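Enquirer: Chains A and B, in that order, are what the protein sequence lines are.
Here the working numbering is used: position 5 in the first sequence is 5, and no number is missing along the way.
Here the working numbering is used: position 208 in the second sequence is 1208, and no number is missing along the way.
Derived by calculation from the structure, the hints in this document are not laboratory data.
Please note that the accuracy of each hint is not assured.
For the chain A half of the interface with chain B, some residues (derived, Cβ under 10 Å), not all of them [stated by the list, open to error]:
1) Thr-93
2) Leu-129
3) Ser-159
4) Ala-162
5) Tyr-200
6) Arg-201
Please read these numbers as outputs of a predicted model, since none were measured by experiment.
The beta-carbon is built from N, C-alpha and C at its ideal position, and this holds for glycine as well.
Protein chains: 2
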Amino acid sequence: SLRRIKASGLKLQLCTNETQATRENFVRKLRAMGFDISVAEVTAPAPAACCLLKERGLRPHLLVHDDLVPEFAEVDKTNPNCVVLGDAAENFTYANLNETFRLLIGMEKPVLISLGKGRYYKETDGLKLDVGAYMKALEYACDIQAEVVGKPSKRFFESALAELGVPPEQAIMIGDDIVNDVGGAQQCGMRALQVRTGKYRPSDENHPGVKPDAYVNNLAEAVDIILQQL
Amino acid sequence: SLRRIKASGLKLQLCTNETQATRENFVRKLRAMGFDISVAEVTAPAPAACCLLKERGLRPHLLVHDDLVPEFAEVDKTNPNCVVLGDAAENFTYANLNETFRLLIGMEKPVLISLGKGRYYKETDGLKLDVGAYMKALEYACDIQAEVVGKPSKRFFESALAELGVPPEQAIMIGDDIVNDVGGAQQCGMRALQVRTGKYRPSDENHPGVKPDAYVNNLAEAVDIILQQL
């Protein structure tokens, strides 16, 4: 399906909320599976956060997965004036959470940047709490609101569109997540298809807040429809 | 001050949100400091939770401090149909949080009972996230609302009043916490004094939601005033 999109001359950008690996490693995995994808074709929360940090002169304390740390190599992390929170997995220890909390509440104006707000996800050994749960814990403890980078934030889709160099009305989002993919893209002015695979649940079709522009059974069918309408 | 209250014939009940120790150990510490207090004179979240569990036929999975576990000795904990969350401190590991989350979201109707909703507290080695932060994380992940046992819940003050055998209008709460002590007691129909010691902050006197019936400089002054008005 990806090959057919590229062959048609359409531009393609992958929007992921992956925060357990650098884009380099993420792309390496996809390429090993046979997908012809380059790093520039991936929009991910960590690089988006780096842009935001630079723009605002913020120096982060990182509570993220070890494998994500290289994304922040160029960022000044001395004397932190904000916290960047990702899905830190095994790094979500009691000690690390308290340390992060103490830094945050000790700031004159606490700034918490969260690389997503997922509630949980599934791994081979079962469900795991996602970054959104820890974000809520820190928000409550510090009485603040986090700034979410990554889907479904409008800013995140805007940066993907900027990479593509197309306005939102000429772009279509294809995704399995009714809120993060479909809702986020639509709020940015894009059309959005929901695939009936992956995270999709039949109950999504009665979602109180989000209605996709269309449903498709899978990615191949989405590509069929898009190419037919060119 | 406690001795003067007791000598006057007034009844006394200590309301604590302590969830890192059994009432027995809590009382032992106070007695070692010279306070003449018995276990029956202490209202604490864990025994209140035990009553609630019994009433509703709930079998808890416990995520609490090791030292609190004996409070639940009499409670059936097989095949859990609810979660009881306390300030588990070092037991707030990534593995324990995920295990608790999986049990909770796997329940037909997830019930989360939280022994308080404090945001943080101070220990000799610095600030620590309190049970409320972890409660928020689980609430968000499971899309549920916890039931809070302990101050400021109305039910908690009612059980203290039941121990005393007096109606709310004949009781006075003395505390340092504007929301948990003063606000909670007032919502239960009691009058409440805030002491200007401990957790008290001058900004409490401009609290948007709670206004004590009076301020006192310390517990001794509170007792003076109460005894004068007898």
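Enquirer: Return the numbers of the hints above that this structure violates; sort them in rising order.
Expert: 3, 4, 5 and 6
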